[in-house]
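S.K.: Protein chains in written order, with the working numbering: chain A, 1 to 113; chain B, 1 to 112.
Don't take each hint at face value.
Claimed, not checked - Straight line, CA to CA, 25 Å or less: simulated SDA-like cross-link-like pairs of lysine to any residue:
1. B:36 to A:87
2. B:38 to A:59
3. A:40 to B:51
4. A:41 to B:51
5. B:38 to A:62
6. A:40 to B:9
7. A:40 to B:41
8. B:51 to A:95
9. A:36 to B:48
10. B:36 to A:10
11. A:41 to B:25
12. A:41 to B:60
13. A:40 to B:40
14. A:40 to B:5
15. A:41 to B:16
16. B:38 to A:15
17. B:60 to A:11
18. B:36 to A:11
19. A:41 to B:71
20. A:40 to B:7
These are calculated hints, taken from the structure and not from any lab test.
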Amino acid sequence: ETGVTQTPRHLVMGMTNKKSLKCEQHLGHNAMYWYKQSAKKPLELMFVYNFKEQTENNSVPSRFSPECPNSSHLFLHLHTLQPEDSALYLCASSQDLGGRAQHFGDGTRLSIL
Amino acid sequence: SQELEQSPQSLIVQEGKNLTINCTSSKTLYGLYWYKQKYGEGLIFLMMLQKGGEEKSHEKITAKLDEKKQQSSLHITASQPSHAGIYLCGADKATSGSRLTFGEGTQLTVNP
Numbered sequence: 001e002t003g004v005t006q007t008p009r010h011l012v013m014g015m016t017n018k019k020s021l022k023c024e025q026h027l028g029h030n031a032m033y034w035y036k037q038s039a040k041k042p043l044e045l046m047f048v049y050n051f052k053e054q055t056e057n058n059s060v061p062s063r064f065s066p067e068c069p070n071s072s073h074l075f076l077h078l079h080t081l082q083p084e085d086s087a088l089y090l091c092a093s094s095q096d097l098g099g100r101a102q103h104f105g106d107g108t109r110l111s112i113l
Numbered sequence: 001s002q003e004l005e006q007s008p009q010s011l012i013v014q015e016g017k018n019l020t021i022n023c024t025s026s027k028t029l030y031g032l033y034w035y036k037q038k039y040g041e042g043l044i045f046l047m048m049l050q051k052g053g054e055e056k057s058h059e060k061i062t063a064k065l066d067e068k069k070q071q072s073s074l075h076i077t078a079s080q081p082s083h084a085g086i087y088l089c090g091a092d093k094a095t096s097g098s099r100l101t102f103g104e105g106t107q108l109t110v111n112p
């Protein structure tokens, strides 16, 4: 139990569907992150939020739309995804951005048909 | 961008054996993190190293950061099947620590 909960754990969707991934942290952290993990590739940082404000967008396609309504919740809205978007999406949180250890959720395994 | 190279990419050892995983950077590491991941699951934080020459231990796992802060090693003593998984190193981008770059990971298998 890392204190970071992601739902759903698995998601299968068609390319025309719209779905959302949810992340919730119970650690009192101020920073939250979305990562993408594809087979045979290093973890790729997608977005960073600090105190609900987006501080980094790592050139992520607009078909991925993050939302951070408060410091405890982070969403990733998905629409018109491509097969190459199939991956494990990991959420993480840290106390702040200043060189702190990040705590990860178990991820959402996303499959695009 | 800061790239981290991990070696070996995969490792198979017999239970009870010691092993070492390396993480090397072409640039100075301002913060070095070791994580363990089981397939299809999230990353479990193991240790964080910041100072040159620093060494930390947790149970049978020891991590070191060299004096030049460009290489870290993770050493497991008397490995057990429970140690199996993917070990990833991550490093802060510069001093701001606002972003982690990760290595590709080392897949560890421990045979009973």
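S.K.: It remains to establish, for every hint, whether it holds in the given structure.
M.R.: Each hint, compared with the structure:
1. For a cut-off of 25 Å, the pair hint linking residue 36 (chain B) to residue 87 (chain A) stands: about 18 Å separates their Cα positions.
2. With a C-alpha separation of about 28 Å, the suggested pair residue 38 (chain B) and residue 59 (chain A) falls outside the 25 Å cut-off, and the hint is violated.
3. Distance restraint check for residue 40 (chain A) and residue 51 (chain B): the Cα-Cα separation of roughly 30 Å exceeds the 25 Å cut-off, and the hinted pair is therefore not satisfied.
4. Pair hint residue 41 (chain A) plus residue 51 (chain B) does not hold up; C-alpha atoms about 28 Å apart against a cutoff of 25 Å.
5. A threshold of 25 Å between alpha carbons decides the hint, and for residue 38 (chain B) with residue 62 (chain A) the separation of about 30 Å lies outside it, so the pair is violated.
6. This hinted pair checks out: residue 40 (chain A) and residue 9 (chain B) have alpha carbons roughly 10 Å apart, not beyond 25 Å.
7. A distance of roughly 15 Å separates the Cα atoms of residue 40 (chain A) and residue 41 (chain B); the hinted pair therefore holds under the 25 Å criterion.
8. Between residue 51 (chain B) and residue 95 (chain A), the direct Cα distance comes to roughly 20 Å. Compliance with the 25 Å bound is thereby established for this hinted pair.
9. Note on residue 36 (chain A) and residue 48 (chain B): the hinted pairing holds, with a Cα-Cα distance of about 22 Å set against a maximum of 25 Å.
10. The hinted pair formed by residue 36 (chain B) and residue 10 (chain A) meets the criterion: a straight-line CA distance of about 21 Å does not exceed 25 Å.
11. The hinted pair formed by residue 41 (chain A) and residue 25 (chain B) meets the criterion: a straight-line CA distance of about 17 Å does not exceed 25 Å.
12. Restraint check for residue 41 (chain A) and residue 60 (chain B): not satisfied, since their Cα atoms lie roughly 28 Å apart, outside the 25 Å limit.
13. Simply put, residue 40 (chain A) and residue 40 (chain B) have alpha-carbon atoms about 13 Å apart, close enough for the 25 Å limit, and the pair holds.
14. Taken as a hint, the residue 40 (chain A) and residue 5 (chain B) pair is honoured in the structure, with Cα atoms around 13 Å apart against an allowance of 25 Å.
15. For the suggested pair residue 41 (chain A) and residue 16 (chain B), the alpha carbons sit about 30 Å apart, so the restraint of at most 25 Å is broken.
16. Between the alpha carbons of residue 38 (chain B) and residue 15 (chain A) the distance comes to roughly 29 Å, so the proposed pair goes past 25 Å and is violated.
17. In summary, the hint linking residue 60 (chain B) to residue 11 (chain A) is not supported, as the alpha carbons are separated by about 37 Å, beyond the 25 Å threshold.
18. Taking the CA atoms of residue 36 (chain B) and residue 11 (chain A), the gap is about 24 Å. The hint holds against a cut of 25 Å.
19. The suggested pairing of residue 41 (chain A) with residue 71 (chain B) holds, with an alpha-carbon distance near 21 Å, which does not exceed 25 Å.
20. Between residue 40 (chain A) and residue 7 (chain B) the alpha-carbon distance is near 14 Å, which keeps this suggested pair within the 25 Å criterion.
In this structure, the earlier hints numbered 2, 3, 4, 5, 12, 15, 16, 17 are contradicted, and the remaining ones agree with it.
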